[in-house]
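Trainee: Protein chains in written order, with our numbering: chain A, 24 to 347; chain B, 24 to 347.
I should point out that these hints are in silico values taken from the structure, not numbers from a laboratory.
What you are looking at is a predicted structure, and each value in this text was computed from that prediction instead of being measured.
A portion of the hints provided could be inaccurate.
Said to hold, decoys possible - Away from chain A, derived, C-beta distances all over 12 Å, residues of chain B:
hint, residue
1, Ser65
2, Ser122
3, Ala154
4, Lys193
5, Gly205
6, Leu279
Claimed, not checked - DSSO-like cross-link-like pairs, simulated, lysine-lysine; straight-line CA separation at most 30 Å:
hint, chain 1, residue 1, chain 2, residue 2
7, B, Lys152, B, Lys126
8, B, Lys155, A, Lys175
9, A, Lys218, B, Lys229
10, A, Lys152, B, Lys256
11, A, Lys147, B, Lys175
12, A, Lys317, B, Lys106
13, A, Lys175, B, Lys147
14, A, Lys309, B, Lys267
15, B, Lys152, A, Lys106
16, A, Lys322, B, Lys175
17, A, Lys193, B, Lys106
18, A, Lys193, B, Lys55
19, A, Lys256, B, Lys147
20, A, Lys155, B, Lys106
21, B, Lys218, A, Lys218
22, B, Lys193, A, Lys254
23, A, Lys175, B, Lys346
24, A, Lys193, B, Lys228
25, A, Lys219, B, Lys155
26, B, Lys267, A, Lys193
27, A, Lys175, B, Lys106
28, B, Lys47, B, Lys64
29, A, Lys106, B, Lys155
30, B, Lys193, B, Lys126
31, A, Lys155, B, Lys152
32, B, Lys193, A, Lys193
33, B, Lys219, A, Lys309
34, B, Lys155, A, Lys152
35, B, Lys256, A, Lys317
36, B, Lys309, A, Lys155
37, B, Lys193, B, Lys218
38, A, Lys309, B, Lys346
39, A, Lys106, B, Lys309
40, B, Lys297, B, Lys55
Where a beta carbon is used, it is the ideal one built from N, C-alpha and C, also for glycine.
Number of protein chains: 2
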Amino acid sequence: MSNKCIISIDMGGTKILAAAINSKDGIIALIKRPTKPTSSKSDYIKKLADIVSELIVKNDLSRKNIKAVTIGFPGSLNPFTGKLAEAPNLGVSNFALKSLLQKKIPFPVLIENDVNLAALGIKKFGVAKTAKNALVVFFGTGIGGALIFDGKLYRGSDYSAGEIGHIKIKSHNELCGCGNRGCFESIASRAAIVKKIQYDMKCGKKTAISKLIKPTEKIKSGTLARAVKLKDKVVIKRLEEACKVSGTVLANINTLLNLDMIVLGGGVIEAMDKFMVPRIMASFNKSVLNSSAKGLTIKASKLGDMSALYGGIVLAEEFLGTKV
Amino acid sequence: MSNKCIISIDMGGTKILAAAINSKDGIIALIKRPTKPTSSKSDYIKKLADIVSELIVKNDLSRKNIKAVTIGFPGSLNPFTGKLAEAPNLGVSNFALKSLLQKKIPFPVLIENDVNLAALGIKKFGVAKTAKNALVVFFGTGIGGALIFDGKLYRGSDYSAGEIGHIKIKSHNELCGCGNRGCFESIASRAAIVKKIQYDMKCGKKTAISKLIKPTEKIKSGTLARAVKLKDKVVIKRLEEACKVSGTVLANINTLLNLDMIVLGGGVIEAMDKFMVPRIMASFNKSVLNSSAKGLTIKASKLGDMSALYGGIVLAEEFLGTKV
Chain A
24 MSNKCIISID
34 MGGTKILAAA
44 INSKDGIIAL
54 IKRPTKPTSS
64 KSDYIKKLAD
74 IVSELIVKND
84 LSRKNIKAVT
94 IGFPGSLNPF
104 TGKLAEAPNL
114 GVSNFALKSL
124 LQKKIPFPVL
134 IENDVNLAAL
144 GIKKFGVAKT
154 AKNALVVFFG
164 TGIGGALIFD
174 GKLYRGSDYS
184 AGEIGHIKIK
194 SHNELCGCGN
204 RGCFESIASR
214 AAIVKKIQYD
224 MKCGKKTAIS
234 KLIKPTEKIK
244 SGTLARAVKL
254 KDKVVIKRLE
264 EACKVSGTVL
274 ANINTLLNLD
284 MIVLGGGVIE
294 AMDKFMVPRI
304 MASFNKSVLN
314 SSAKGLTIKA
324 SKLGDMSALY
334 GGIVLAEEFL
344 GTKV
Chain B
24 MSNKCIISID
34 MGGTKILAAA
44 INSKDGIIAL
54 IKRPTKPTSS
64 KSDYIKKLAD
74 IVSELIVKND
84 LSRKNIKAVT
94 IGFPGSLNPF
104 TGKLAEAPNL
114 GVSNFALKSL
124 LQKKIPFPVL
134 IENDVNLAAL
144 GIKKFGVAKT
154 AKNALVVFFG
164 TGIGGALIFD
174 GKLYRGSDYS
184 AGEIGHIKIK
194 SHNELCGCGN
204 RGCFESIASR
214 AAIVKKIQYD
224 MKCGKKTAIS
234 KLIKPTEKIK
244 SGTLARAVKL
254 KDKVVIKRLE
264 EACKVSGTVL
274 ANINTLLNLD
284 MIVLGGGVIE
294 AMDKFMVPRI
304 MASFNKSVLN
314 SSAKGLTIKA
324 SKLGDMSALY
334 GGIVLAEEFL
344 GTKV
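Start from the sequences, fold in the hints, and give me the full structure.
Mentor: This is the structure in structure tokens:
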């Protein structure tokens with residue numbers, strides 16, 4: 024490899040993705056490793072330093088071409104000071120993530136919230152290329168969001184903007200992981216939908232789910248998609264409820280922000296975008312202030328798991344001031 | 024007067040305010056004229072041209088010192104093309120407002136939505152001076168909002184951002200002026216609060232309102248404030264309901280946008296900020312995602328009716344590229 028690149032890492036609660044990537048060639052090399060939440064900060068530092076070394080060695084990457092290492096974290100962090108405030112899914116908080124990593128990694132280290140990073144990727148390399156003002160929403164275990172205003176990532180006053188999953192829906196009372204009740208993600212995330220389907224099953228409602236997976240297996244987005252294909256009434260009803268609430272939340276955000284694009288992503292959308300997107304849009308159209316949505320497009324993301332990796336390129340360019 | 028200034032106009036549904044104003048001296052001269060909605064576009068053009076002439080003549084202003092005329096309109100408009108899309112309270116829509124005005128007014132004419140203009144005024148001259156990311160909300164006949172991101176006015180993709188009054192509260196069913204149901208302003212604006220109090224009175228509930236005004240008189244924000252001072256239970260209950268809903272809406276916006284300031288203004292707040300603001304904040308604190316509100320301040324605006332007039336200075340500086 025003769026072109027310059029960065030190493031872009033997406034650190035999740037169950038897996039780490041690490042790629043050598045640049046604007047011209049896209050993903051040059053990719054590795055995926057499982058991980059488990061640990062309360063040990065040094066374990067995370069070691070794991071990340073190891074995966075960088077492994078990616079370089081296995082793919083025989085030229086060290087002098089590597090311009091930065093970018094890492095997306097599922098948590099609240101300040102990309103400028105490099106301090107991580109909180110990462111509930113990883114089990115760590117309050118640490119000087121960037122400076123500790125920098126001691127172990129011989130390239131400039133940059134960190135960013137994973138959803139922000141994914142939005143940057145979708146804006147520069149995905150379906151939001153032409154968007155000026157956009158909301159990117161990921162429907163997965165939780166619901167995360169990121170905002171683009173005037174073509175640039177909006178981080179908020181304290182680097183915690185985009186927490187769409189914790190918008191409260193007053194008419195609902197479900198307990199959320201954050202401790203509050205009625206949060207959007209406690210109603211419409213995959214975890215919430217699955218919880219309701221499991222409740223339906225306990226109540227004796229018949230669903231194809233019990234044939235699709237073993238009782239000990241987890242209900243994943245793919246499982247839900249297969250149940251939809253089988254026209255499973257229980258699953259369809261619960262998904263439609265989630266679409267309805269989602270459409271209303273997105274409509275209210277658009278009424279306020281007058282966006283030109285909303286991008287829907289995450290496992291639930293990827294597994295069944297043709298089912299979910301039209302239903303979310305139908306609910307959206309019923310609630311939105313029409314004048315705020317004249318120039319709006321709602322699209323499913325196509326970058327999947329790769330969006331945060333691509334976002335690393337944008338982050339590196341922002342911080343290093345050089346094209347990658 | 025030897026200093027340069029602008030003529031800043033705030034065009035409302037019932038009155039026009041026009042001021043000669045600059046950064047250094049503030050308001051140099053001010054006139055206020057009543058107006059009535061008319062479907063005649065030329066009536067508005069004439070009225071505005073006349074008020075400019077009147078202000079100049081009555082105050083013996085030097086024409087060569089007037090650098091621009093700025094006008095705030097209660098409607099959806101594009102300040103760059105100068106086209107007004109819709110101004111429901113004025114009864115006009117779809118017209119080339121700026122170019123028609125420019126033919127009658129011998130100074131550069133600039134137009135902007137009135138709430139945006141007020142937010143610009145509050146940001147540069149009012150309580151939001153230090154704000155980076157702010158929401159300004161006006162509680163009056165309706166509820167209007169404007170957004171400041173990174174110190175600058177955020178207009179949205181189609182110049183209609185800030186329509187907080189039309190955020191839908193699904194658990195409510197009140198009919199809104201926009202034709203939809205359950206809009207925030209159909210629940211918490213002065214008009215909505217008054218409607219509910221009138222309903223209570225029809226149902227025979229005892230309230231001080233009937234002693235404070237004649238049956239033919241309108242219930243204004245000042246009337247409500249006097250009733251609160253008299254500890255009127257009916258009025259207090261209806262205002263508290265409005266505060267509760269308002270707190271939730273503002274909390275959700277902050278959870279998403281991670282602001283550092285929310286400014287509350289408009290007749291309802293001006294008349295009784297000490298009653299309203301703490302109650303809105305109490306409801307806000309119950310709903311907001313704590314991590315999004317760590318650096319947030321909620322304040323009442325102090326500029327009152329003058330905020331849009333001051334905003335004219337900022338608009339003129341933005342468009343003319345010169346200090347006023």
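Trainee: Hinted pair, alpha-carbon criterion (30 Å max): lysine 155 of chain A, lysine 152 of chain B. Please report holds or violated.
Mentor: holds (27 Å)
Trainee: Given the hinted pair lysine 147 of chain A and lysine 175 of chain B, is their Cα-Cα distance within 30 Å?
Mentor: Distance of about 24 Å is within 30 Å: holds.
Trainee: Is the Cα-Cα distance between lysine 152 of chain A and lysine 256 of chain B 30 Å or less?
Mentor: Roughly 55 Å between the alpha carbons, so the hint for lysine 152 of chain A and lysine 256 of chain B is violated.
Trainee: If we take the beta carbon of glycine 205 of chain B, is the closest beta carbon in chain A still more than 12 Å away?
Mentor: Incorrect as stated: the minimum Cβ-Cβ distance to chain A is 9 Å, not above 12 Å.
Trainee: Run the distance test for lysine 218 of chain A versus lysine 229 of chain B: straight-line Cα separation, threshold 30 Å.
Mentor: Judged against 30 Å, a Cα distance of about 48 Å means the pair is violated.
Trainee: So if I understand the rule, the pair passes when the alpha-carbon distance is 30 Å or less; does lysine 193 of chain A with lysine 228 of chain B pass?
Mentor: It holds: about 28 Å lies between the C-alpha atoms, which stays within 30 Å.
Trainee: Would the hint linking lysine 256 of chain B and lysine 317 of chain A be met if the CA-CA limit is 30 Å?
Mentor: Given pair lysine 256 of chain B, lysine 317 of chain A is violated - Cα atoms ~44 Å apart, limit 30 Å.
Trainee: Are the Cα positions of lysine 152 of chain B and lysine 106 of chain A separated by 30 Å at most?
Mentor: holds (28 Å)
Trainee: Is lysine 309 of chain A within 30 Å of lysine 267 of chain B, Cα to Cα?
Mentor: holds (25 Å)
Trainee: For the pair supplied as a hint, lysine 193 of chain B and lysine 193 of chain A, confirm whether the alpha-carbon distance does not exceed 30 Å.
Mentor: Holds, at roughly 8 Å.
Trainee: Are the Cα positions of lysine 175 of chain A and lysine 346 of chain B separated by 30 Å at most?
Mentor: The hint holds at about 28 Å.
Trainee: Run the C-beta distances from alanine 154 of chain B to all of chain A and say if the shortest one exceeds 12 Å.
Mentor: The claim breaks: alanine 154 of chain B does not keep its Cβ more than 12 Å from every Cβ of chain A (closest is about 9 Å).
Checked against the numbered hints above, the structure breaks hints 3, 4, 5, 6, 7, 9, 10, 17, 18, 19, 21, 25, 28, 30, 35, 36, 38 and satisfies the rest.
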